[in-house]
Amino acid sequence: MSQRVSVLGLEKTSVFALFRRIDGWTFGALLTSLLIAVPILSVFVVALAPGITSSDDIWSHLVSTVLFHYISTTLTLMLGVGAGTLIIGTGTAWLVTMHRFPGQSIFEWALVLPLAVPAYVIAYVYTDLLEYAGPLQIALRGIFGWSSYGDYWFPEIRSLGGAIAMLTLVLYPYVYLLARAAFLEQSVSVLEASRVLGKTPWQSFTKVALPIARPAVVAGVSLVMMETLNDFGTVDYFAVATFTAGIYDVWLNMNSISGAAQLASVMLMFVIALIALERLSRHGRKFHHTGSKHATLPTVPLSHSKALLASLICLLPIILGFAIPAGILIDYSLAFYQVTLDSDYLLYTTNSLLLASTSAVLAVMIGLFLAYSIRLHGSPLLIGAARVASIGYAVPGAVLAIGVILPLSYFDNAVDSYMLETFGYSTGLILSGTIFAVIIGYLVRFLALSFGTLEASLGKVTINMDGASRTLGHGPASTLKRVHLPLIRTSILTAGILVFVDVMKELPMTMLLRPFNFETLATYVHQYASDELLEESALGALTIVGAGILPVIILSVAISRSRPGHRSSESS
Amino acid sequence: MKHADLHRLYPKILGYAAVSVLVTGLIVSPWGNTARATDDENSVNLYSYRQAFLIDPLLDAFTEQTGIKVNTVFVKKGMLERLKAEGRNSDADMVLSADIGRLHDMVTAGVLQGVSSDKLNKNIPSQFRHPEGLWYGLTLRARIIFASKDRTQPGEVLSLADLAKPALQGRVCTRSGKHVYNVSLIASVIANEGIDQTRQWLTGLRDNLARKPQGNDRAQAKAISEGVCDYAIANTYYMGKMVTNTLKPEQQQWAAGIRIIFPDQDGHGTHVNISGAAITKSAKHRDNAIALLEFLSDTHAQEIYAEQNFEYPVKPDVTLHPLVSSWGKFKADTINLDKVAQHRITASKLVDETAFDLGPQND
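First to last, the sequence lines map onto chains A and B.
For the record, in the first sequence the residue sitting at position 483 is 597 according to my numbering, with numbers rising by one throughout.
For the record, in the second sequence the residue sitting at position 175 is 496 according to my numbering, with numbers rising by one throughout.
These are computed hints drawn from the structure, not numbers from a lab.
From the three backbone atoms N, C-alpha and C, an ideal C-beta is built for every residue, glycine too.
Mixed in with the good hints there might be a few duds.
As the list claims (entries may be wrong) - Which chain A residues face chain B? A few, computed with CB under 7 Å, are given here: (1) Arg272; (2) Asp363; (3) Ile516; (4) Leu520; (5) Met625.
Go ahead and model the full structure; you've got the sequences and the hints to work with.
Spelled out as structure tokens, the structure:
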């Protein structure tokens, strides 16, 4: 029997081949993915459990009242922030990578700075600045002689539009970072070919550079959209009813965690469908770089007026997304630093830094392991498992935290029961309510950041490299170490720093999973911010921002250096 | 070793150094201690919905008096689920809440145990504690009406119902209808007036709003001060916090322009919510937890509460903060809070049904 039928790319005669393919790498990767996916799957389990209030009741209530409002608000928010970050992120990345204009070498790293500002902080400071009672409107009233509310029109900051603006300002750096890395990694020969064939710079951008950078740009925009989807701090402060706000409402005001988990599951299905759709639309095209990275990118010097415009375009997001919020935080801190200094401020800072760096290292290791295992043997099973494991980023934090709590306490209580029955000794809770639980939470939530970044980056290394290395007698591990790691070094750093900065800012999971007497900067700031007293904890918020700046600058320098021929390392 | 080899080793050395620093940091840092600091016999473990900076002075006073250490974690979303999942092994002995709603949900979920003592029964009037001692109220906050001194006439608004009068169109502010304080308020209206009345009232109130519900109670005072609206719904203690805020003198100004109205004095009385505490079913330090509960209900702690947060003490004979007593005596709604809490889901649904949080729909 030699007849072979190809089903889904698998060959029917070799059922055993499916298992033969499961070698150490695949097995390890599958196991890791499954472990990370357990909390996410727990959310689905909760969705199926009967609640105190019947789910039918909640759904019919939601459908007849607010559900469609939630959906339209959420879609508008996602599209708005997605489009905004796409334009700002790729636009500025293309400008600073491919052109020469005044300030360009500063913009290269400064454009990343807003990443360090938590969304709820930027929402807070801009409300203070722009609301009716804020200094700007008071000044305008003074100038134009308007006297009362309703005399004139001014955009309402606490609105859907306001939320889009705030989230765009702090999230565009995801797209910028990934797009810039992709532009820097592109091969010169392709761009030259495009120019030789008579394309204008704009055409080279849209027809050549952008399609090649698409996986990276898409990775960036999907991170942004997931972050937007699960945001609660900003939309709650702006009184914008999104799907996530609805999830919390059903959970806390209607006392139905199962109803909330059902909503969250629907939201996750939606995210999975979006990701699948994007992949399908690529038609399996893959873009590898074959040309040398060491050739200098052909940068275009800009004429006076164009250079000025380019500088302004790059300056604006930095001022709006970083300089203004940081300035206001400094202003608050000058008045209220004593409140923060009176607390165990240094301890909170240490806690935050240790948590963030530990999680970053672990998330990068796991992300790299998964991405490389998939590259080695991309079995559909493993790819699916890794996708599920990295979807935690789209789940609202507190809901995902419940997903972490359930299996951990199940494990703890099972061990306790066993030990009690067998040895008459109670072990109590082992993992629940520990730092370990908090770190698990971060890994589940932020794996998407490391895995997504590294998968996109590995994807750009041509598979011929692997072939060559293996032919030369190197095993997978050795090939990873000698060939891939040096090539994707920058992306490893990017992944680590994204996780680091995000952990510094993370709030809902930290709050729920942490042990007794344990504060991070984010939880400390939240105590006050939750009662609209951000000023009192401004120094804490400023420290979160500050702690994010240094790694962000290191990252940006490393990205520039990743292309030895690139001029910014020479000119500086 | 050749120079080139050494150069290649640098990244490795750096990597190992980073990992060792991290590991050492993890071990040396207070993390090792926090992991299970809760086993100490002479302690009590608290899950709190109230922020640490609000309750720390009270807990410090307790530790000073009794020598019992209090371990706390400030949790909001998911405290109930965490308690449920941890089950009998949970380290939590006691929970603190800023609202009756959360306590009620915990009763329903069966994670609390009833306790009773002469002291608790003596200190806390019966309408502010659960009949079986599943929860105890510790402080009271009245949900009142802020009115602009300049732009309102005394007598124009005397009840919550008055806020829905057509004459007030575009003159009222409030925080989100979904905030626990408002959900409890609406639930109390349902308990007193029934669902249909409440729906009508909520619709009228919605159309009187000057803007989409937003901000916290303090933000409503700011809005009155800026002329955005003339009336707002708020908790009493926010007034005290603004009046005494020397760090932010602008807040003293907001407060100065505001008159306090205790609504429904001719009817069933002003809605009063509690902050309260309960002992968990899993409590391993039950006696210590009861000691803390008794301490919090007693005169000394009640005075600290009154002094710090301008709340009304639950213990009847405790002196009010002079500022709080300057607002005058008022008749509180005596309806059982447990009964009010049962209407919270319906209240929350009414907010959706009337699209309250989208703001006025008459323009």
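Results for each hint:
no. : hint   : result
1   : Arg272 : holds, 5 Å
2   : Asp363 : holds, 6 Å
3   : Ile516 : holds, 5 Å
4   : Leu520 : holds, 5 Å
5   : Met625 : holds, 6 Å
Consistency note: the structure conflicts with none of the earlier hints.
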